[in-house]
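*Asks:* Protein sequence lines correspond, in order, to chains A and B.
Following the UniProt record's numbering, the numbering of the first sequence begins with 1 at its first residue and continues without gaps.
Following the UniProt record's numbering, the numbering of the second sequence begins with 1 at its first residue and continues without gaps.
Bear in mind the hints are in silico, worked out from the structure with no lab data behind them.
You may find that some hints are simply not true.
[Unchecked claim] Using 30 angstroms as the maximum straight-line C-alpha spacing, the simulated DSSO-like pairs for lysine-lysine come out as follows:
1) B:Lys188 <-> A:Lys91
2) A:Lys143 <-> B:Lys65
3) A:Lys74 <-> B:Lys65
4) B:Lys30 <-> A:Lys143
5) A:Lys42 <-> A:Lys30
6) B:Lys198 <-> A:Lys143
7) A:Lys91 <-> B:Lys101
8) A:Lys30 <-> B:Lys101
9) A:Lys42 <-> A:Lys91
10) B:Lys101 <-> A:Lys74
11) A:Lys193 <-> B:Lys30
12) B:Lys188 <-> B:Lys198
13) A:Lys30 <-> B:Lys198
14) B:Lys156 <-> A:Lys71
15) A:Lys30 <-> B:Lys30
16) A:Lys193 <-> B:Lys159
17) A:Lys30 <-> B:Lys145
18) A:Lys91 <-> B:Lys30
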Amino acid sequence: GSLAAGLVLALAACAARASEITFELPDNAKQCFYEEIAQGTKCTLEFQVITGGHYDVDCRLEGPNGAVLYKEMKKQYDSFTFTASRNGTYKFCFSNEFSTFTHKTVYFDFQVGEDPPLFPSENRVTALTQMESACVSIHEALKSVIDYQTHFRLREAQGRSRAEDLNTRVAYWSIGEAIILLVVSVGQVFLLKSFFSDKRTTTTRVGS
Amino acid sequence: LPLYFQSGEREEKCIIEDVPSDTLVIGNYKVQRWDIHKQEFLESAPGLGMFVTVTTPDGEVLLSKLYGPQGTFSFTSYLSGEHAICFQSNSTRLEAFAGSKLRIHLDIRVGEHFLDESVVQAKDKVNEVNIRLEHLIEQIHHISKEQNYEREREEKFRKTSEETNSNILWWAVVQTGILISIGIWQIKSLRDFFISKKLV
């Protein structure tokens, strides 16, 4: 067995693949991704909306024959695991068609297959040595570090996006309200003055 | 390259990678074009290339090259932030006549250096351990960089929240000030007006 103390994505040829992509989904748009999956493979699709509007998106996952495996509307975050029941091309789509003017940034992570064991047990004569066991623990620990890190990064990005939205809205509202206040109060005084000016001219006209 | 998505022939598709500074990003892609005659996606369309453009968070172009139907590109970020990786085919046909679909296969790796498995296997056991450990150390450095970048972002986030908080407070004070002064001005102005019109 080799000392493969690498992280998550095994680089050489193996069954496990994970693709994570962050992309921008314009308003009224739909973006689909496809992947060919062999029967019996366990797959996980996880997605999160990072910026835009109410931070929600429609998601739909279909099998090769068009069978809908997962369909959710206006979700902010979800994780879906399934086992491929047949060979073929699986397709998943993100839709922002319900939104008229906000474009969204969506992150997804599509994991196909399980990670192969670091030390495959086929050629083994003895049990794992201490060093090899240590490697396995490190590998698992680092995988979860990456996982947590990714989740934290996404949530922080979303929180920051909300905070910046809020800041902009507060600024616009303050300025807008200040302008309205000034216009209305100055307008009130001049309007009131104009009532009295008209009356005087009519009384003088009637008098003469 | 398993994962793919569809794109119009002249459409530009972009993906975003939020990376810390000094990070190596390697991308692998393959593009296929829909052939109208054969009604299927050609394995390799001759003459078809892809413009790959990488933009830094500041809007500067880091990489802009034309590759063939299949290629590998890489760049090292010198700024922390959201980099945009955009793909556009070099097809010069008009939109109306082109109308063809493209299938783009994509695989992006961040912070990892390719570990050439054949090189690793060839050497003896001790060297193999060496190489693997070096790879591991590199990846742990990447985790550390990501966390440092995360700390910076959280700081920016906190500053934005505090700015919003003080904006709201400042606005409340200004609004009260405006209200009081406008009220005083209104009363004074009307009083002077009535006095001048000899109504009071």
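*Asks:* With the threshold set at 30 angstroms, check whether the alpha-carbon distance from lysine 193 of chain A to lysine 30 of chain B stays at or below it.
*Replies:* violated (76 angstroms)
*Asks:* Lysine 156 of chain B and lysine 71 of chain A: Cα distance at most 30 angstroms?
*Replies:* violated (36 angstroms)
*Asks:* Is the hinted pair lysine 101 of chain B and lysine 74 of chain A satisfied, with a Cα-Cα distance of at most 30 angstroms?
*Replies:* Answer holds: lysine 101 of chain B to lysine 74 of chain A is near 28 angstroms, not above 30 angstroms.
*Asks:* Lysine 143 of chain A and lysine 65 of chain B were given as a pair; does the straight-line alpha-carbon distance stay at or below 30 angstroms?
*Replies:* At roughly 34 angstroms apart (the allowed maximum being 30 angstroms), lysine 65 of chain B and lysine 143 of chain A break the hint.
*Asks:* Check the hint pairing lysine 30 of chain A with lysine 198 of chain B against an upper bound of 30 angstroms on the C-alpha distance.
*Replies:* violated (72 angstroms)
*Asks:* Taking 30 angstroms as the top limit, are the C-alpha atoms of lysine 188 of chain B and lysine 91 of chain A close enough?
*Replies:* violated (72 angstroms)
*Asks:* For the pair supplied as a hint, lysine 188 of chain B and lysine 198 of chain B, confirm whether the alpha-carbon distance does not exceed 30 angstroms.
*Replies:* holds (15 angstroms)
*Asks:* Verify the proposed pairing of lysine 30 of chain B with lysine 143 of chain A, using a straight-line Cα cut of 30 angstroms.
*Replies:* holds (28 angstroms)
*Asks:* When you check the alpha-carbon spacing of lysine 91 of chain A and lysine 101 of chain B, does it fall within 30 angstroms?
*Replies:* holds (17 angstroms)
*Asks:* Straight-line Cα separation of lysine 42 of chain A and lysine 30 of chain A no greater than 30 angstroms?
*Replies:* Holds: lysine 42 of chain A and lysine 30 of chain A sit about 26 angstroms apart, inside 30 angstroms.
*Asks:* Starting from lysine 198 of chain B, check that the Cα of lysine 143 of chain A is at most 30 angstroms away, please.
*Replies:* violated (86 angstroms)
*Asks:* Going straight from one Cα to the other, do lysine 74 of chain A and lysine 65 of chain B come out at no more than 30 angstroms?
*Replies:* violated (38 angstroms)
Checked against the numbered hints above, the structure violates hints 1, 2, 3, 6, 11, 13, 14, 16 and 17; every other hint is satisfied.
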